[in-house]
Each structure stands twice: as structure tokens, then as C-alpha cells.
Amino acid sequence: EPEVTQTPSHQVTQMGQEVILRCVPISNHLYFYWYRQILGQKVEFLVSFYNNEISEKSEIFDDQFSVERPDGSNFTLKIRSTKLEDSAMYFCASSEFAGPEQYFGPGTRLTVT
Amino acid sequence: QQQVKQSPQSLIVQKGGISIINCAYENTAFDYFPWYQQFPGKGPALLIAIRPDVSEKKEGRFTISFNKSAKQFSLHIMDSQPGDSATYFCAASGRGSTLGRLYFGRGTQLTVWP
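Protein sequences appear in the order of chains A and B. Counting from 12, one number per residue, gives the positions in the first sequence under our numbering. Counting from 10, one number per residue, gives the positions in the second sequence under our numbering.
Honestly, the hints are just simulated from the structure, not real lab data. Any given hint could be a false lead.
Stated by the list, open to error - Straight line, CA to CA, 20 angstroms or less: simulated EDC-like cross-link-like pairs of lysine to aspartate or glutamate: (1) Lys14(B) x Glu55(A); (2) Lys80(B) x Asp62(B); (3) Lys51(B) x Glu14(A).
Stated by the list, open to error - Label pairs and their in silico Cβ distance ranges: (4) Glu68(B) x Glu107(A): 11 to 21 angstroms; (5) Thr120(B) x Gln25(A): 30 to 40 angstroms; (6) Ile29(B) x Ser92(A): 38 to 48 angstroms; (7) Ile27(B) x Arg91(A): 43 to 53 angstroms; (8) Met87(B) x Lys94(A): 43 to 53 angstroms; (9) Gln25(A) x Gly26(B): 39 to 49 angstroms; (10) Asn31(B) x Val23(A): 16 to 26 angstroms.
Owing to the predicted nature of the structure, the values given are computational and were not obtained by experimental measurement. Backbone N, C-alpha and C define an ideal beta-carbon position, used for all residues, glycine too.
Start from the sequences, fold in the hints, and give me the full structure.
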């Protein structure tokens with residue numbers, strides 16, 4: 012069964028450093044998403060992406076965040092200058108059609124020290 | 010602002026029992042209500058979903074009940090098994106969101122004792 016994959020599974024970085032989280036969505040999916048889950052809290056939407064453009068972003072997705080589809084298979088989330096409060100599990104998701112039936116990857120645990 | 014409220018935070022059920030998790034929402038623009046199951050170290054997996062044109066949807070041992078007037082929906086797990094032990098999230102999505110932005114509840118940690 013096709014699945015969303017994410018790398019790395021765990022990333023430790025120092026405050027102020029840039030990180031790039033990588034995702035490979037399901038191959039025939041065209042719609043991509045990033046969510047995050049701070050430990051013990053709910054999953055929160057960050058951004059949706061379609062046709063090489065951001066479709067929607069939340070109030071969390073400020074100027075330190077950016078997304079990119081650098082090639083036909085990868086989808087990345089860049090955090091430019093990490094803060095302690097960016098420590099969270101970051102999930103990539105994809106969907107075949109426009110809509111909420113989204114399939115999630117296993118997540119990247121980001122720890123900012 | 011909490012778009013989706015979920016309860017209980019944790020639930021312990023004996024094997025063979027019924028697990029019930031409840032969610033409530035405020036935004037009447039929501040028109041899609043999925044439930045996700047998450048095992049430790051894994052991402053949320055879509056379990057079952059309902060749209061408000063029906064009051065109930067059943068898939069195997071999992072049933073969603075939906076009450077549009079009360080703006081509430083719930084997940085029932087019949088004949089609960091130890092393998093069902095996981096965290097369950099309700100979510101909602103709807104009109105006004107171009108690509109189905111999901112609003113999640115806080116999650117319910119279900120433990121099924123053998």
C-alpha cells in the first residue's frame with residue numbers, strides 16, 4: 012500500500028539554525044500539507060500546497076517557514092531560524108483530490124536546543 | 010479558539026467492551042468529520058469519516074454517530090480489542106477552506122485491557 016514517507020525521523024538542532032524537513036507524498040497525489048503536533052497537544056495545520064503554490068496557511072506559518080516542491084517527488088518544509096517553541100512533531104500529508112481525505116506520514120520529531 | 014472539542018482525554022475499556030469518544034464543533038461551515046487513529050511513533054491514520062447528510066456510518070467495528078442539530082459526533086468502537094489501544098483524534102473540515110484544512114481535537118488515549 013502506498014504511503015507518505017518523511018525524513019529524518021528525528022532532527023536535533025540548535026536555536027537559530029535552519030532546518031529542512033523532507034516528505035515524499037503518495038505518488039499520484041497532487042495536494043500536500045504540513046501539520047505539527049507539540050508534545051501532548053493537538054495536531055495543528057500549518058500549510059496546504061497545490062500546483063506549486065501555497066493554497067492556505069495558518070497563523071502559525073509565519074515568515075520563518077517556507078515550503079517547496081523541488082522536484083517531482085519531494086515536498087519540503089524549511090524553518091529558517093528555529094526557536095525553542097518550534098520543537099514538535101511535524102507531519103506531512105497528501106491527498107489525491109482537493110479535500111480533507113488526507114494521508115499522513117510518520118512524522119519528523121524536531122528538537123530545538 | 011478551539012474549533013473541535015474532544016472528550017474524554019483518556020479512556021480505559023475492557024476487552025470486548027464498547028469504547029465511546031465524543032466531539033463537538035462550533036463552526037457550522039464544517040461538512041466533513043473524520044476520525045484518525047495514531048499509534049506511538051506513527052502518523053495519524055484515517056479510520057472513518059462522515060458527512061452531515063447522514064446520521065450514522067459504520068465500518069466493521071467502528072461507527073460514527075452524527076448529530077447535526079447538537080453539532081456533535083462520536084466514535085463507537087464495538088467489541089474493543091487490545092490492538093485498538095491508540096490515540097484517537099476527531100477532526101473537522103469544511104467550506105471556506107480551499108483544500109480541506111483539518112481542525113483536530115486534542116485526542117483521546119484509549120487503552121483496552123485484555
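Taking the hints in turn, this is what the structure says about them:
no., hint, in the structure
1, Lys14(B) x Glu55(A), "holds (14 angstroms)"
2, Lys80(B) x Asp62(B), "holds (13 angstroms)"
3, Lys51(B) x Glu14(A), "holds (12 angstroms)"
4, Glu68(B) x Glu107(A): 11 to 21 angstroms, "holds (19 angstroms)"
5, Thr120(B) x Gln25(A): 30 to 40 angstroms, "holds (37 angstroms)"
6, Ile29(B) x Ser92(A): 38 to 48 angstroms, "holds (45 angstroms)"
7, Ile27(B) x Arg91(A): 43 to 53 angstroms, "holds (48 angstroms)"
8, Met87(B) x Lys94(A): 43 to 53 angstroms, "holds (45 angstroms)"
9, Gln25(A) x Gly26(B): 39 to 49 angstroms, "holds (48 angstroms)"
10, Asn31(B) x Val23(A): 16 to 26 angstroms, "violated (38 angstroms)"
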